[in-house]
Structure formats: C-alpha cells, structure tokens
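Enquirer: Using the sequences and the hints, build the whole thing.
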Amino acid sequence: MSTELNAGIPLNINEASSSDSFNQSSEKAALSSSDEGSELESKSQRVASKNLGEAKETKSFNLFKKLHFFNSEKKEKEKEKEKDKSTKIFEKAAFVEESSSLQKDSQEGLIGFFKNNLSKSKRKKKESQDSLHEKRKVTFSEKRKKSFVIPPLLLTEISKSERKLSVSSSLKRTNSETCSMSGSRMASESDLSADLLSAKREAIDWKQKSSFKLSFNERFLSPVFEKIENTAQEVRATQEKFKFQNGEASYFAFLAIEIANLLIMDDGEVNISLIPAIIDFFISNDPVLNHEASLYYSLKAIFENDEIVELIKTIEAPNRQTSPAADLIRITLNIPLGESVNDRQAKITALSALLSHHRQSFEGSCFATHFAIALLANDPLACLKDFKDLLKRGSLTRTIGGIKKPFPFLMRTGEESLSQTITITKSGEIKELGTYIWKAPSIQKALHIAGFHNSKIPSKKVLSKLIPSGEQTICMHELLKALAEQALKLEVNKGRCLQQIYFRMTFAFEAVISNPLLRAFDNSLAEMAEANEQGMITKPVVYAITNPIEKELKQFLKKEKESKKEAILLYNTFKSIVLKRIHLHYDPDINEKMENHEHFSKEGGFVLYDTKGKSLTSKWTRIDSPESFREFISDMIVLSFNEILPTLSELEPDLKKEKELIYNRLVKRLRKYINSKFFLLESLSCFYPANLKMNDPLKSWRKSQYTPWRTIAGNFGEKVREIYNEKPLPSEKKLLPVDNTEICLMTLAEVRNLYRASGDKDSLINCQSKVPVYTRTHAFNLIFGHPSFQHLNSDDPKSSYNSLIDLSLKLSEDEFEESKRELLSSQFLLAYNESHFKGNLNFEALKNFMKELTFPISCKNFWESSLKFLEGQSEASQLSPQENAFLIDRTLCSCLSETTLFSMQRNAIHFADTNWKNGLHDIHFCIAPHPGTGTLRLFEIQDDNQKITPIHDFFIFEKPWEFY
-7 MSTELNAGIP LNINEASSSD SFNQSSEKAA LSSSDEGSEL ESKSQRVASK NLGEAKETKS
53 FNLFKKLHFF NSEKKEKEKE KEKDKSTKIF EKAAFVEESS SLQKDSQEGL IGFFKNNLSK
113 SKRKKKESQD SLHEKRKVTF SEKRKKSFVI PPLLLTEISK SERKLSVSSS LKRTNSETCS
173 MSGSRMASES DLSADLLSAK REAIDWKQKS SFKLSFNERF LSPVFEKIEN TAQEVRATQE
233 KFKFQNGEAS YFAFLAIEIA NLLIMDDGEV NISLIPAIID FFISNDPVLN HEASLYYSLK
293 AIFENDEIVE LIKTIEAPNR QTSPAADLIR ITLNIPLGES VNDRQAKITA LSALLSHHRQ
353 SFEGSCFATH FAIALLANDP LACLKDFKDL LKRGSLTRTI GGIKKPFPFL MRTGEESLSQ
413 TITITKSGEI KELGTYIWKA PSIQKALHIA GFHNSKIPSK KVLSKLIPSG EQTICMHELL
473 KALAEQALKL EVNKGRCLQQ IYFRMTFAFE AVISNPLLRA FDNSLAEMAE ANEQGMITKP
533 VVYAITNPIE KELKQFLKKE KESKKEAILL YNTFKSIVLK RIHLHYDPDI NEKMENHEHF
593 SKEGGFVLYD TKGKSLTSKW TRIDSPESFR EFISDMIVLS FNEILPTLSE LEPDLKKEKE
653 LIYNRLVKRL RKYINSKFFL LESLSCFYPA NLKMNDPLKS WRKSQYTPWR TIAGNFGEKV
713 REIYNEKPLP SEKKLLPVDN TEICLMTLAE VRNLYRASGD KDSLINCQSK VPVYTRTHAF
773 NLIFGHPSFQ HLNSDDPKSS YNSLIDLSLK LSEDEFEESK RELLSSQFLL AYNESHFKGN
833 LNFEALKNFM KELTFPISCK NFWESSLKFL EGQSEASQLS PQENAFLIDR TLCSCLSETT
893 LFSMQRNAIH FADTNWKNGL HDIHFCIAPH PGTGTLRLFE IQDDNQKITP IHDFFIFEKP
953 WEFY
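Under this note's numbering, the first residue of the sequence shown is numbered -7, with each subsequent residue one higher.
Quick caveat, the hints were computed from the structure, so don't treat them as lab data.
Heads up, the beta-carbon is just placed ideally off N, CA and C, and yes, glycines get one too.
This list has only true hints and no planted wrong ones.
FRET-style restraints, in silico, Cβ to Cβ: (1) 836 <-> 890: 28 to 34 Å; (2) 631 <-> 464: 44 to 50 Å; (3) 631 <-> 719: 32 to 38 Å.
Expert: Below is the structure:
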C-alpha cells in the first residue's frame, strides 16, 4: 500500500522493507594434521626426553606466559634468572627434538601437564554455568582432551613462501601496541633475548623437524589459547551476572578480537599458519551455529584465499586521529581516548569484524542488515575491502551518475539493553546482584571511550548526584547521559559536544556483544537506500522543502508580477543548494529528547543532515526538530541570495540596485513565512498529509512516524543492493507469488532448481550461503544449504508436502489432559496481552469457556472449539480472523507436550534467515506441521531447532517474493 503526497510524490513507507521487533550446521573442514614421529634411536635420548618433561613444569610454561601476557612488576627482578634457566631448557629441547618426534615420549610430561592442570581449572568454572554454556564447555574440554596436541602448521602443504610463517615468527612480534578487551597488553619480545631466538632458529630445521614444531606448539600455543579462553569466559560470566546483555555473545565478541590479535603481526603480515591450531582449539565438535560458524568459515576463507591475506596487509589507520573511524578502533580494542591508533590496530579491527557474527538490532533495518549478512557469508573479500574504506576514510564510496558519493556511518545503536532499568544505591551498589555498577564490562568500555581511566570514581561522583539517598531505579540511558556530562569536563574531550560523547558511550556499551565495525558497515549500507533525490524518503523531503517555498513565491508574484524572473532564479538556486546540502542518515536510535529516556525507540529511521558542503561528517549539522528544520530552510534562502548577488555586479548601477531591492523583498518575505507556523504545517502536510489529522501537529509531531526532518521507517533492500554494486539490478527479476505454505514449498523448490541449473552449488550445500529475497514487508535471506531443507524433494515437492501433512494430521490427535486446563487458560491470556490486538477480549467469557471444555481434548478439537468461542464474541470484542487464528496458535504451541514439540521441530523445514536473534541464537523462518489444524504453518524457530513459535503470515505470505 502506498501513500500519495501532493503533486503525486509517493511516500511508499508502508511498503518499504522493514522489520518488527521480533527478533547451520554444515560439514566442518578438518584443518588438522598429525605428525607421527619415528622411534628414538638411543636410550640416552629417551632419558633426555623424560628429563625435559620434568623440566617443563616450572620453566617452559612460565616463560611463555611472560612472552605473551602482562609482566608483573613484582617479577621484574626475576627476569634475568628466568632467561638463563629458559635458555637451558630451549637448548635441551633443541637437542632432543632435533632427532625425532616427542609425540609419544612426552605424553607423560608436557602434554600430560597441560591436560591435567589446565583442564582442572576449566572444570571448576564449568560447575557454575548454565546448561547451554556448560554443554559448550564440556564439548571444548572433551575435544582438548582428545586432541590436545596442537597440529603442525602444515608448512609442507603450503606452497607459497608468503605462508611459510612459522610459530617462531609469530612469537617475533612486539606486542607492546596490542590492546585486548580486558585492557591488558602483551609483553614485548624483550623477555626473550635476540641471541636466544637466533640460536633457536639455527638449531632447528623447520622444514624437516615437524616433530619439534608439534612440541613447540604444545608448549606455547596451548597456554595462549587457554588464557584467551579463560578470559573470555570471565567476560561472559560477568556479563551474565549483570544481566544487561547476553553473556554468550560477549564471549564470542571477545574471542573474535583476541584471535585477530594473534593473527596480525607487527609488520602487518597475517600468520595464517596459526589458523589450523586456532580452529582445532576453539571450534567445538558439535555442528557449528551462528557465532561459531561465522568464526570457523571466516578463518577457513582466510587460510584458503591469498587475496584476503594480501588485502589485510594493505589496511591502514584512519586519515585523522579524531575521526569516528579512529574512535571505532579505540572502542574495539580498548585504546585510551587521545592515544593514536596505528595500522596494526586497524588491521586487527577489520579482521575481528570478519570473524564476527552479524545480526539485526531492534530497529527496522532489515533492508540493509540482510544484505550485510549475505555479503559476510558469500563474499568476505568484498566485505574486507569495505572495512578497509570505512577505517581509512570513515565511509563507503560509490559512484552515482558519474559522481562519487560518500556513505558515512553514525556511531549509534538501537539495541534494547540501553532502555533497561537498574536499581542502584548512591554508592553504586546493585544489592540484588551483590556487586557494583562500575564492574560491568559494558560500563567500563563506555567510560573508557569517554576518557576516564578509572570507572569507579566517575560512577560514584555521578550517582551521588542522581541518587540523593537510599536506592533508586534508573534507566541505562539516564546513567550514560549523566556520565557523558561528567566526561565533557575532561581535557581530552575539549572540542567535543555532549551528544558526541554520549553516543560514543552508547556505541561502546553495545560493543561488548556486537562488533562495532559490523554495526558501522550496516549503517553505511543503510545510507545507500537514499543515495539520490529519487529515494523513497529523499523525494518527499525535497518536495516538503521546496513546495511551500514555491507556493509563497506565487503569492508574492500576484502583487509583483514584474519580479517573476528574479523569483524563478531564486527558487531554482534554492532548490539546487538544498539538493547539494541535504543528506539522510540512517539512525538506529531515534531519540528526540535525550533528556527524557521515555522517547527511546526500537525503531530506526532516517534523519536529515546539512552537510554544509563538507566531506567530514563531524562538520555536518543534524536537523531533527521543527526548529532546526526551520533554521536550515531560512539559511538556505539567505545562501541562495548570496550566491546570486555576485552575478549582479555586471549590471548597470541603477539596474543592479533595483534587482537587489527585489531580491531583498523576496528574501525578507520568505524568511518571515518560514518563521511562521504556516510553513511548518504546510511542510508536514506535503510530506505526509495525515500529519494534519493530529491534534496540534506542531506540538505533537513526535507522535508521527513521518516528518520531513525525521522519518521512522525502513526502506527498499533492492535499492541498497543496486547502489552497492554500482549498477542496476538484473532485468530478469523473479516475482513469485507466495500465498500459503503449500505455494511457499513449491516456490522454494522452484528457486532451488534455478540455482541448481545455474551451477551455483555452493548456495545449495553451504549452510552459510545466503540468497537475498524481498517482500514489501521484510528483506531476508534464503538458506538452501540448511540440512533440514533436504526434507524438500525438489523433483517432487508435492510428495514432501503430503508427507508433512500426514505427520500434522497425526499430531493433531495428540491430547491435552485435565492437568493442562489451567495452563491453557493462563497461556491464552498471556498470548492475548502480548499480541496487543485492538479488540477487547471478554475475560469472564474466556474463563467460563475453559471451565466447560471436556478433557482429555485433542489438539484439533481444542483449536476448533477456541475458534468458535472467539467468533461468537460480541462485535466490540471480536478480533479479525487472522488475529483469532494467531492467538489460538500461540496458546496451543506453548502447551504442547515435549514429544509433539520435538516432532514439530525435527520435521521443520528451515528455509530462511530472518536476520533476527534470540540471545545467542539466530531465528529462522520455517514451515512445520500444525497440530491444531492438521495442516502446515509458518513458524519462527531458533537455529538450534528449539523454541518454535507461530508468526504472522503477513511477513512473507500474500506478497510476491523478489529475487535476482
């Protein structure tokens, strides 16, 4: 459905792809190898091997800890002694390992030590974790027990010399510049003398002594990986304790950054030789999903693709150290505000984004997010090129009509956690949790980018003002705003405004669970939907600006007809300047009054900006209110006059004076009109006529989604894709009608056959591959590679459909026992309250209806009886037929037996990635048996095949699918 503006300017907001607030397994490549060593040739060597195993416990492990992590000041005096002792160990290791493998004889020594001691510390942490995380930890632990020997670096299998980066070279880097999320820095190479490194290299023939590499990895990679793993688990546990954000997501966000830090060396080289060991240690034995799948496939792509490796080497730090891109790197790596960022840190930031998992936030950005997800899955090389541009220039750049146009990003976030409330004391204590607010990782990160080096002091100072006494419940937005006001006083923030500090803090707050560069990438893509004046929103914005001015000029000319030429020139100049100056930024957090957190919105939208002809976004002015909009238009009128004025100098003095007087009268009249309420009312009406139906539109404009300065809406995903690729979409667009589940299954089979015919096998077998598809309501990705899709026989999809129908009929006979009566009643009310339907359900009638039901009752009979009850309600209480069915479906599915649910989930066909998330898990669209009707239905389901839930059909049914 479309809304027509005056003069035929369409604002197709209701048809634009947008998302509501709803929020893979595959075959894993075995990148590991083992090197079976030969038997020791002499008794003396076996004795030496045993001695080495005994020596490692006190020397080798401590040495490597000092190589890669903080050097404690207390151990400063012991460094030289440790070097001397370690040298002896290395010499002994070189002597023994030079001849053969230690895989067999060091089992009781080095490997046994790691297995016994490091696994013990991990087992202790497991006991206090929830079942989901405990399952992952057990998987990790068991995998490490079975294959704790880190595989060789596959140097013999890598032909290119660029890839022959041994572990010794990975230890070469000076990590004094490396920042981790925990705020720590790795020690530099100074702990190991250059002489020792040189002697070690001379003693080892890396090409032939793979057995030494194996043992070397065991001794030095394992402690590094264990340290990263343990720290990541601490971050997860702390996040879960505060309950602000998902702890599992913070674990993977941390892991991506630390792995990127391991892979990038000081000279910009990528040590891909570490990748097999990283995969072996950090990827579980279970089928990989969401975050873990993104990590695995990205590492695999880097290892196999030389172009990706070479591109990473070319990534550079931002042009300006005060740019948003520089702050983005600081947020990612916890670099203090004011400290310069370098090329290596830019590379780590880009690589961490490539290793991360991307999801849509709570704003309606599906038109851009679905494409970002598809690009990450299908073309990591293209993504990396974009990351390079975003970090270097602060924007993506595309050529439109022969002119290069930048698409910068806003450092804002629409995540729901910012609207959460906490009950806190004046001293900062959260009594319910038994901890203090400044210990939360997200708060620490926000304060860090604000310029604070100590999170406790500013928190206590701010809370003492916010909470006079006792304890108080405050919103996270409110707390961060108060902290931003405190940060504004810092010298390091000189020249920054309050909003700039505040939004960087909110961006950092969410960076604990969501990669900052991926958010920036998503935001930059969203800008492309409004790349030119024909954009869905840009066109009516320009009309809402120029049409009122044109009308007023016509009124002026009724009295001064002789001024028509001047009026036309002024209008044309004004329109030209407006088109050059305006830019529509996609803002995921529309928050008109920062002072009042009640205006927090889960809906993103487009906000008008005045670029002032500058390329630096920091110089742009945000236009997000009637006042700023009016001021901008008035300034553009004056600017137009000033641009015309020099052209009058060539005229005769008398004529010049006459023209100047005419233009002055025009400008004076227009500015007077602009400052009146009539201009704003006319502009609101031109943009969206329904605005005038509101009571006092100028005072209640925030209640409208659609204004010329701020529009809360999605957009067209096809437009983003077209601008991104710098070429029109293929003319052979496919429009497939999808009206119900049967047609949906037939359509999926048809689309899959098209991809099969085109030879695109990757899209059919790789669960990471995505196929973008568009409806008028939502943009998402088909996932033909999902294992459940194999249920659909593309040669005879009707037989697959009939098989699922048979199962659904069988499930419809399952019965609810008497014990479920109360549960069904309560879930019915809950489903109604959560659905926010306009009809008024008669609760007393519902109570009586539930009492009269005869148990046991089959799923089908319950569904049919409930439908009759709802249809028999009074006209005032009646819901629509679709609402009735949805309400019953929600009730039914929440009360099904575990056996029935399992059967539904097991036979569900996952056909699309929704872009949404539920905690750690992705949410998919699926078609599954419906026990209430004996038919098939559209559901949403987690990627782990859990939590199957009915969803409104209008998201993807009753609208044609578009794909290219």
